[in-house]
Amino acid sequence: MFRSDLLEDRVVLVTGGGSGLGLSMAKKFAALGARVAITGRSEDRLAAAAGEIDPGGERVLTHPCDVRDFAQVEALAAAVGERWGGVDVLVNNAAGNFLAATEDLTPGGFNAVVQTVLYGTFNATLAVGRGMIERGSGGSILNIVTTYA
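Residue numbering for the sequence shown follows the working numbering, starting at 5 and increasing by one per position.
Note that these hints are calculated values from the structure, not bench results.
Fair warning: there could be bad hints in the mix.
[Stated by the list, open to error] Now the in silico label distances, taken between C-beta atoms and shown as ranges:
| id | residue 1 | residue 2 | range |
| --- | --- | --- | --- |
| 1 | 13 | 118 | 35 to 41 Å |
| 2 | 103 | 59 | 18 to 24 Å |
| 3 | 108 | 35 | 36 to 42 Å |
| 4 | 46 | 123 | 42 to 48 Å |
| 5 | 87 | 5 | 27 to 33 Å |
| 6 | 75 | 52 | 24 to 30 Å |
| 7 | 87 | 28 | 21 to 27 Å |
| 8 | 130 | 6 | 38 to 44 Å |
| 9 | 51 | 12 | 23 to 29 Å |
| 10 | 6 | 73 | 30 to 36 Å |
| 11 | 115 | 68 | 18 to 24 Å |
[Unchecked claim] Here are the computed lysine to any residue pairs in the SDA-like style, where the Cα-Cα straight-line distance is at most 25 Å:
| id | residue 1 | residue 2 |
| --- | --- | --- |
| 12 | 32 | 58 |
| 13 | 32 | 143 |
| 14 | 32 | 51 |
| 15 | 32 | 129 |
| 16 | 31 | 79 |
| 17 | 31 | 76 |
| 18 | 32 | 45 |
| 19 | 32 | 89 |
Using N, Cα and C, we set each Cβ at its ideal position, and we do this for glycine too.
Please model the complete structure; the sequences and the hints are all you need to start from.
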C-alpha cells in the first residue's frame with residue numbers, strides 16, 4: 005500500500021513503544037524506512053521490542069523513560085537528537101490503565117493513569133516540539149489521547 009521507503013531518513017519517536025499499539029506502530033514505521041526511537045519504563049520490554057523492530061539495532065534506539073517526569077523526557081529528546089539529529093514525528097502513545105471496576109479504582113491509580121496520558125503527552129510534545137522549532141524543521145505530532153479528553 006505504501007512505498008517501502010516512504011519514511012526514509014525520518015526519525016520517529018514512539019512513547020509507550022515497547023508493547024501493544026506502540027510496538028505495532030514502531031514496527032510499521034521501521035518497515036517504511038524510518039529510524040525509530042521507542043520509550044517506556046521497562047528496559048527489558050524495550051530491548052525485546054527493539055529486537056522485533058530491527059534485529060541489527062542500527063535503525064532503532066531504546067531509551068527508558070517515565071513520561072510523567074519532564075526531566076526524563078528532555079533527556080530522551082536529547083538522546084534522540086544526539087543519535088539522529090532530532091525527531092521528525094512524535095507519536096504520544098504512552099498510557100496506563102487498571103483493569104478494575106470503577107468503584108475499585110483508587111484515586112492514586114486514577115492519578116497515575118491521568119498523569120501518564122495527559123502530562124506525558126504534554127511533556128513529550130513540549131520537549132520534542134521545542135527541538136522541532138529550534139531546528140526550523142517542523143514535524144508531525146500524533147496524540148493518542150482522545151478517550152481521555
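Structure-based check of all given hints:
Restraint check, residue 13 to residue 118: a C-beta distance of roughly 36 Å satisfies the suggested window 35 to 41 Å. Taking 18 to 24 Å as the suggested C-beta distance range, the pair residue 103 and residue 59 does not conform, at roughly 32 Å. Range check, residue 108 to residue 35: about 40 Å between beta-carbon atoms, so the 36 to 42 Å window is met. Hint check: residue 46 to residue 123, Cβ distance near 19 Å, so the stated range 42 to 48 Å is violated.
A hinted range of 27 to 33 Å for the beta carbons of residue 87 and residue 5 is consistent with their spacing of about 29 Å. At about 26 Å, the beta-carbon gap between residue 75 and residue 52 stays in the expected band of 24 to 30 Å. The hinted window of 21 to 27 Å between residue 87 and residue 28 holds, with their beta carbons roughly 23 Å apart. Between residue 130 and residue 6 the beta carbons are some 30 Å apart, a value that contradicts the proposed interval 38 to 44 Å.
Residue 51 and residue 12 have their C-beta atoms about 25 Å apart, which keeps the hinted 23 to 29 Å range intact. Hint check: residue 6 to residue 73, Cβ distance near 35 Å, so the stated range 30 to 36 Å holds. Taking the beta carbon of each, residue 115 and residue 68 are about 22 Å apart, inside 18 to 24 Å as hinted. Annotation: proposed proximity of residue 32 to residue 58 holds, straight-line Cα distance about 11 Å (limit 25 Å).
Simply put, residue 32 and residue 143 have alpha-carbon atoms about 18 Å apart, close enough for the 25 Å limit, and the pair holds. Using a Cα cut-off of 25 Å, the hinted pair residue 32 and residue 51 holds, with the two alpha carbons roughly 17 Å apart. The hinted pair formed by residue 32 and residue 129 meets the criterion: a straight-line CA distance of about 22 Å does not exceed 25 Å. As the CA atoms of residue 31 and residue 79 are separated by approximately 23 Å, the hinted pair is consistent with the 25 Å bound.
Proposed proximity of residue 31 and residue 76 is supported: the alpha carbons are some 24 Å apart, at most 25 Å. Between residue 32 and residue 45, the direct Cα distance comes to roughly 22 Å. Compliance with the 25 Å bound is thereby established for this hinted pair. For a cut-off of 25 Å, the pair hint linking residue 32 to residue 89 stands: about 21 Å separates their Cα positions.
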